Each structure stands twice: as C-alpha cells, then as structure tokens.
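We have chain V; now place chains C and H onto it with these hints.
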Amino acid sequence: MNPFDYRRAEDAAGAAAMVADNPAAAFLGGGTNLVDHMKLGVAAPEVLVDITHLPMDEVEALPEGGVRIGANVRNSDLAAHPLIRRRYPVLSQALLSGASGQLRNLATTAGNLLQRTRCVYFQDTSTPCNKREPGTGCSALEGYQRYHAILGASPDCVAVHPSDMAVALTALDAQVVVQDAATERRVPIARLHRLPGEAPEHDTVLNHGDLITAVELPDMPMAVHARYRKVRDRASFAFALVSVAAAMSLGADGSVSDVRIALGGVAHKPWRALRAEEALRDGPATEERFAAAARAELAEARPLPGNTFKVALARSAITATLRQVHAEARGGDGHGGPGGHGEEQR
Amino acid sequence: MRVEFTVNGHAVAADDVWPGESLLFVLRERLGLPGSKNACEQGECGSCTVYLDDVTVCACLVAAGQAAGRRVRTVEGLAAQPARAGAGAAGADGGVGEAGGIGADGRAGGAAVAAGPGSALGARGDTAAGGAAGADTGQRDPDAERLSPVQRAFLEEGAVQCGFCTPGLLVQAHDLVARTVGAGGPVPGDAHIREALAGNLCRCTGYQAIVAAVRRAAEREHARLAGQERP
Amino acid sequence: MSTTSERPAARTGAIGAGPRRVEGPAKVAGTAAYAYEYRAADAAYLAPVQATIARGRVAAVDTAAAEAAEGVLAVLWHGNAPRLRTDAELPGLQQPGELHVLQSAEVHYRGQPVAAVVAETFEAAQHAAALVTLTYEQLPHDAEFSAGRTDLATPKEDHRQGDVKAAEGEVVVDQTYTTPMQHNNPMEPHSTMARWDGEAITLHESTQGAHMVRETVAELLGLEQGRVRVVAPYVGGGFGSKGPLHAPTVLAVLGARAVPHRSVKLAATRRQMFSLVGYRSPTVQRVRLRADAQGRLSGIDVTATVQSARLGDFIEEAAGPAKSMYAAPNRRMGHRAARLDVPVPTWMRAPGECPGMFGPEVAMDELAVACGLDPIEARVRNEPERDPATGKPFSTRNLIACLREGADRFGWADRPAEPGARREGEWLVGTGVAASFYPVVPPVGGSRALVRHAGDGRYVVSLAAADIGTGAWTALTQVAADVLGVPLEHVEVRLGDSALPLASLAGGSTGMMSWGSTVHAAATAFRRLHGDDPAPGAEAAADLPEVAHRDDYAMHAYGAQFAEVRVNTDTGEIRVPRLLGVFAAGRIVNARTARSQFVGGMTMGLSMALHEESVLDARFGHVVNADFAEYHIAANADVADIQAHWIDEHDPLVNPLGAKGIGEIGIVGTAAAVANAAYHATGVRVRRVPLRLDDFLDAVGA
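Chains as they are written, first to last, in UniProt numbering: chain V, 1 to 346; chain C, 1 to 231; chain H, 1 to 702.
These are computed hints drawn from the structure, not numbers from a lab.
Computed from a predicted structure; not experimentally measured.
Check the hints yourself; a few may be wrong.
In the EDC-like style, the derived pairs of lysine to aspartate or glutamate whose C-alpha atoms are separated by at most 20 Å in a straight line are [said to hold, decoys possible]:
| # | chain 1 | residue 1 | chain 2 | residue 2 |
| --- | --- | --- | --- | --- |
| 1 | V | K39 | V | D50 |
| 2 | V | K39 | H | E70 |
| 3 | H | K156 | H | E317 |
| 4 | V | K39 | H | E120 |
This is chain V alone, in the form it adopts within the complex:
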C-alpha cells in the first residue's frame, strides 16, 4: 500500500472541498472496498478524507411521504430500520443478501453505491484493464467471464456493478443527494452509474470531489410488496450472477397497473428493466406476459462466450420474481414451496 495522509473532514462541504482540491484524494467511508483496493494496489490515493463521523447517519421519514437515508448509515442498520422493513422491504432483502454481517456493519450507504466492480482483472494489477488503467485493454474480453455483463457492455469493458442495494434502489426510483464544494444537487439513481462506453474508468457521473450525502426514496405504496431475488453460486456470501428487484401494483381487475423491475449482475450499472416494465404495464398479470416481458428485456442481451447462460437465467429469474411479487400483491403466498435450507434470514 502506498503511503497516504489520513484526514478527517469537519463537514460535508469541507470534505468535498478537501477532495476536490487534490486529484489524488479520496473519501473514506466504511473502507470495505477502498481499503481492499489500496492493499491490492488497485487504488493509491495520497490523501484519505475520512467522512464516517460526519452527521449523515440518520434514516428519517420525509414530509411528502418518502424516506431520506444518510450516506453514512451502515448497511446493517439500514436493513434493520423499521421504516425500511415496513415500507421498502426489497431494500432490506437486497442489503441482507449482500456480503456478510461483518461487512454490512462497516459498509455505508454511499460506499455501497460507489463500490467498484469485482472483475478479477480489474483487481489484479498484473493484468491489463481499461477501467483500472485506461488504454491498456480489457483482459476479460477473452478471459474469465462468468460474472460479466450481458447488457450494455462495450468493447472496452464488460465488467458489472456488484451492488445488491443499488439494484433495489433503482427499482425504487431513489434520488441520490450529491454535495460538491459549493452546492447540493439530486441525481436519479438510474443516472448515477454509467455504461462503460469508451471511458470505463468512470463508474458514475459524479465529478471528483462530489460527495454523496444522502439517498432519498420516494413514497411508493407498491414497494411494500416488492421482492429481491438473488441468484448466485453459493447459498450465501457471494456476488450475484443475476439478481432481480421487482415491485408490482394491481388494478381492481387484477391487471398490472404499475411495475418496477431492476436487474443486478448483468451490466456496468444496476439495470432498470424499462422494456419489461413497458411490456407489462396496463395488461393482465399472467405467467405468459411475465415471460414475454423478460424476453423483451433480454432481447438486446449480448452475452460473452463464458456467460451465455446468464441470458436464460435472467429471463427465468425475472419471470419467477414477477410471479412472486404478483402473488404478494394479490395478498397470496408467493413462495413456490419448501426450498433448500438457509434461505430465510432474520
């Protein structure tokens, strides 16, 4: 690890200024990703600005019906918060499906959003990687691809965003509150992360020195029935091959009046499944239409030789999750029957 200066910021604007002023400075949140990357040599900031003691650790109801989540709220606290559990259970489920208890106790809301890809080549400084060292090439294009993108990738990068939480937030239409040295602004979560294009070194639209101070969830009654389904290679403590966050509301006639679907593990950003939503909205809630919506979303999928299975897996996972949220929305039991073990937690 390279030597660095460790500093504590006095307030959010000051923190933003401290980082903005120095191209080699970085914010330090929970550290679960950044400290790891510093050990690996993937990141080498010269100044770390610790923001974990700033007063951004509250979860509070907003007057217009939403909820504001401070950037420093720990993943475990957020998952357990009564407001979240009651009104946005999909967020709790997504959080609890990620990492381990110890990591959730460290990881912050903002840090979770800004965690970087788990692409093995990105993390291995002995191999080329356009995201880590722009212009060196993408080792994954002809390499190990199991955990790589099937949607929205570019010839320069096929990495995926690893967050579960961000997938749920995407389905919930969250707004990200961003502070720079001078002003505060809001970025819709769907626009926070970017597709790799020709500049995969940029994960998000944030500028250097922009500090996420909070995430705001809109009032969304159907979120009560939202679900997060994560498919992975290990029963727990593994990154998603494919994950689905979905919410659905039904009209009086039982048709789909509104729906939200977001996917994880498939793209450089949490993937809002707008095509599938469009295909479902204002029509009957049937298994056939769930499957057709999933097909519509994956029509543009461009899998790699090492992950072709993820297209069928994503289709099936979307269909199954819609089936489940539909049953929840109807007030029934969405479970398909007794499963394996260890799937329920808390």
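Chains C and H alone, transformed into the frame defined by chain V:
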C-alpha cells in the same frame, strides 16, 4: 500518527502508526493480541472479526485511524477473566516469546513468558510445546469456567479443529447470541445461525459442530435469562 | 458404530472415547500461538516480489528506490541473495526447482519470487516491494492444459491386467470426466518466522512436519541438522500443501540470513496462496467400463490426464483408485501429463483418490442406469474377493457393509428408480451414492516417542508430530493414557518441535498409524521397563513398530457417501440438504475429533462438488480468481445436515493400534455422490465439477 482507543476495556495507545495499517495489524503486531487472525486481508473470511464499538467488523478492513477513540473487543476479551495461555512458545532461545497481550484484565503478556504456563507439569523451557494437558480432557478445568458461554460451547461440541477460524467465529457467534436471546428473543434457528455466520469461513470442521455450539450457547443463555426472570 | 468386534481390552477405555481437545482452551481463548504469532522484539517483515511473466529471464533489477524507502533493511534478488546449495539432495517429496528461490535469473512460472524486501514493518516491506523494478527477457510460455495435447508425457508405465480391448459385454460406459485445478487454502496462510543468529537458524513454521522442514532447510543451507530448529505446535490447517516445503519458507530463510539477529516474518497473502504453495492438478479422466447386462464388469479402462510443471514433475495419480476398487478381469489404468510453464502441483487432501474417484464413481452410476440396476447393487456385483491390483487378500474390506448401513440410515429404500421423478414446490429432488476409498499408505519418515515419568504418576510424552487440526494432541494423549493406565489429565503430550523425537509427516492420513503406534509402543515399553510404580525421571522410548504383514495384504479404508440434491426449477440453483457417510477406517481413537475429520472431509467434498475451481488464464499463466471472494469454498449456509458414521472395524493387521487413518477418506466420493444425486433429481448427467446452475437451466426449462 498516534492512535488511542480501548481494547477489551483498557485504554491503549499505539505510536508511529502508519495510516495504512489496519486495525488488525495494530492488534496483532503492535499490541500483542494475535487472537484475531489474518487469513485473507480483504473481509472475505471473517477470521479477524472483532467488536468495533457495539458491532462486529472485519478488523483487516478498518484503517487504524478509524479506530481512534473507539472501543474494540477481541477474542481475548470474551472470557470473564483471561484464560491462561495454553500450550506455549519457545522462549529459551531465539529471542522469541509467547504470544500474549492484553486480556480482559489489561495484563500485558508477551516476551517475558518463558514456557508454556498452561502445562500441568511446568513445561521445560527447552521445548516449544508446553502442553495444556489436563486443561480440557473432560475434567474440571478452572480456566474453562472463566470462558464465555460461546467459548465453552465450542469446546463442548468439538467445534474447534485447526483453530484458525475459531476466534473470529467466536466473536461473531457471541454477537449473535447477544442480539437474539441476549435481547430477549428466542434461540435462533439453524438457518439463522448459518446465515449470521456466513462471513466466517472454516476449512476443517464442516460447520456442523459450530452450529451446534452456537445453538447450545444460545440455549444455555436463554435458560439462564429465563431463570433470572423468575420471581 | 452399528457393529462391534472383539478387541484387546483397553486399560482405561481412553481409546475410542471422545474427550475434548487438549489444546481447545488455548484455541478458544486466542492464546494458542501460530507460527507468525510468536512475539519478537526484533521482528522484521518480508514481502516477496513476484514475476509478471510466466517464462523467461530477469534481465535487470533496479532496487534503488526500494532500498531508499523508509524502514527497508534489505532488498534481495538473484544477484545478491544468500546462496543455497542447489546441488544438495533434498528429501524426495520436495521440489528442488521450486525451492531454489532467488538463485538464478530464470523465470519458470508467473508469480515466481524474483525479489524480496525485508523491512521494519509489514507496510514498509509491501510498499518497497512495489518499488522494485524488474526488466524481463520474456519467452513464449505454454500454460494451456488439455487432454488433447500431442505432447503429453507418460510418467510411468500403465497398469495392465488381462486385455482391456478384448473385454466383452453388451453394456459400455465410455465417458470423459473432469475435475478442475483446486487450491488447498488452509485458513492459516503458509507462515514462517525465521531467525538466524549467526550459527543456527530457528523457524517458527506452519508445517505438517517439523523434522522434514529441518532436514530440507539444513540441506539447502549446508548446515548440520542440529543447527536448524523448527517449531510448529499449532498449525492452522494444511490439507497437504504444508507437507512439502514451498517458496515462502525459503524466502524467509534467505531473509533471515540476509538480516541476521532479526526475526523475519512472512505470511503468504491469500492471493499469494494461489501462486506460491502448490495446488491440485486439474484432471481429465477417460473412463471406459464394459459389462454384461447384469452389470458385471469385464473391463475397466481409465486414463487420467493431469497437469505438471516443467520446473518439476508432480503427478496427481487420479487413475490410481480404479486399480483396486472393483473386480474385472481386464484392466488398464494410466496417466498422461502436460508439463507446462506453471507452478508445480502439490498434495491436496487425498491426492489421486479425491479426483480419481469422481470419474469412476459417476461412471458406475451410469453403468447402473444402463443396466437398470440400483447403484448400490451395481457396486455389490463387482465386489472383488482379493485386491484386483495386487491379487493380495484384503486385511479388511467393508465397502458393502458401508453401503448397506448407509442405505439404511439414509432411507435409500424409498428412492424412485427413475430420475426426475420427485418435485417439491420449486425444487427437483434426487439422491445419489458413491463409494469412498483411501489406501493405508506408509508414513513419510520415521517416528520415535519418548515417555517420561514426571513424578506423582504424571507422564510427559514427546514427539515432534504436527497437529494441523486433526486432533493429534488429544488422540495421542488418549493412546498414552490408555496404555499407561492413567487418567488423561496425568498425561502431557508435547508436539510440534524438531527438538523433540523424530516424527513422520502429517500426511497420507498416517498420523494415528505412525505416531499413535509409536506412542503405543513407547508407553508399552515404559511399563515393561519400569513397571507400575516408576521412579520420577524414568524414561522409555520406542520407534515406529514394523508392520509385520504390510507386504502380505492389501490395506485400504472404504466408505459410502449418500447425497440428497435439490435443483431449483426457476434458476437451476443447487442445494445439498443432506450428506451421509459411513466409513470403515479401522479403529477410531477419538470419536469426537474423528467425526469432525469425516464431516470436514465431506464438506470439502461438497465444496469440490459445487464451488471450487481455480481459473488459470493461460494467456497470462496464473490463476485469476485468486481470493476467497472469487474462489468459493463452502460457507456455512451451503451446508445443512451432514452425518458421518463408521463401522466398528478392528484390523490388527494394519498396525498394533488397528487404525487406518481418517483424515482424507471423507473427501473421497462426495462429489460423485452429489453429481449422481443431481442426475437423479434432473435427468441431467454432469461429468465435471463443480456442478453449476448453468448445467441445469435447460432441464428446468429456463
């Protein structure tokens, strides 16, 4: 930089700490508390689990500076009083002493200890392995009685093999028991236990005895608390 | 435990009981000191610099920046590193090429140490290591493992009996089965603390054999063995990789020589564990079975292609177990090896048997299906009367008893014959079985134990054996207490120090056979010499007893493993809610630690079945999923109900103790049982591990 925090209830200070050092490094290499293990350096195995304030974390991912002013509790601080060091270490030559450190009483262990004091016989200083015979061969053992309920349960259920994942598991299990039965809740089911311990990898035991040990500790704590509630 | 047999009466009954771990309190208190954890006021830290090419030469090394960095004590490379005796003859298990660290400019594998920094702190060493600049003359490398290569070597002549080509019978199973590269990954990384005081060197080492390290280091340094001391009372797992020495230990030794009077510490990072300490070779197993319609085998033909290294040859003998598992008049078993520009493979739990029982045991399941037989019956029909490999009688062989008892305990009788017949909600459910096998192998190295009366009826038993988590501390205490006829707490066992009497390596599941038999002999000799009322200080020693009938009998342990597998109908996700093993492995000395060994082995087998795969990117020549986030091992939630039982088997022919060894057989056969159960659940036959959800997506209609 100087970093001050409390470990197992005792104020400590580490000087000349490089900011890049992890809390785990400070505990193991500077404070003589090697109970928390370093097995992956990146939060993927749980062997370094410690309490930071009131929650469990992977100490390998906590920058030392972030621990300043906070409370840390390690496996060495789980027991009511420090269990004496067991099978010990070379001390007679090589300038190398036994692992030791700050237990629950703040007593500093370390280089001064010449031989395995856990030996029932008084180990000779010329052998590395002062045995702990008699310490847990099914007999009454005063050290074991000072151990926390999860530590005792791990011994009773045979949940220890090579022992390298054990300290991290104990801290995480201790937290689980505290947050469930300790908070007035029911004894956690096996699925709950397995998920709560998902971040603690074990390569030896197959986890069966570990889950049984956590269940046993939780049941015992549940019974103890129920007994206290009786008028 | 379902059957009993006659056995010599124990004096105290300590053998076979399940007392708690002797070293348990120290381990749960966090005070058990592992190699890296001995306190040293004069510690220094070593960080390796690893090659970023897979083949070639180091053309130039620029150490100026590293040497100028704060806290740096030494920067070593092949131009200035202390010399090793590269012509010394090392113990046979060692790979000399791997151990001649920093002795030449040649680069043989990506990740090879090409320099090292010793510094005042770990961070300073790591930082300075990154400042060492290397220039390479790179040569084309070849790291592409394939059974289709035209340059495969035949490391030794094939085992042949009869004429496998002439085998007759209308049923043929001819399939290829593969297992991947895997890494041992004990939780404790390979760790060394080395201190050179100018005349002698002391190593605190994570090793499976203190004496083996002593002998090897002495040879490499050209020292008398008496000037090397190796201390290893606690070892955080090994699973084979801590048997032979690997490069990190030698690096620490070189560091200690370069910076005398300092305790030079090196623990491999988890990432380095994927390049520096060996691995299990991938295997491609072509298995051809020929049988009559009743499932009686007439021919068994197994060719296992494995990966070896140009730097040194190591053959994973995956075709070995088929030599003696089932009867058939015509048989051929052989190995082919691809020698590549990669690190040298090493032992990993049940080397040979573990991968080598995957292909044949899935093939036996396929044979049963082809013949319309129950898979247990298919095995029973091919039970040999004598060892097919050697023609010798078995000392004991209880495979069928294990299968039968396992079937009873598992509830096998209710099993539908057809695959894909059982669905519960969104899960397809199936069950499968496979056999386990592990030979009684001779220990690596001799053993000697010393029993001393410390007075007051208390005894000290000493030998250098390494307890890598197996329970040797406890089981040897039991053996000594039993023979001496004293309570357990009157026996203190001392282990893990080359200053103690010689002990064989902890490997090949030989611990109880060699150390247990040796302690048994020493305690017996003590009572014979000194009677029941010995003077304080009275001593007796004994060497590992000869096994009288070793050459007259085939000696193996057996087992049967049963698995229930569930496959999700939406996602293909695989769960294994039940594993049950029944083993026949001779006498069980400690029920508690033995169960943990079996269950732990089965869990590692489950991990092999569903998770473990090191992805070697041949373009670069190294493993790219080199951490615990990407190289999955079974986590707690992957495991549900795992049971281990055993037949109470007493085999006086194997050794005086009657113990066959239990450390490895638990991992053998598990993966085949899981694959066979997955077939039964879905009708999809997967012939490689790890099984993945992708294998079942078509079958579940996704």
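Against the structure, the hints come out as follows:
Restraint check for V/K39 and V/D50: the C-alpha separation of about 17 Å stays at or below 20 Å, so the hint holds. Our distance criterion of 20 Å between C-alpha atoms is met by V/K39 and H/E70, whose separation comes to about 18 Å. In summary, the hint linking H/K156 to H/E317 is supported, as the alpha carbons are separated by about 11 Å, within the 20 Å threshold. Between V/K39 and H/E120 the CA atoms are separated by roughly 18 Å; this keeps the pair inside 20 Å, and the hint holds.
Checked against the numbered hints given earlier, the structure satisfies every one of them.
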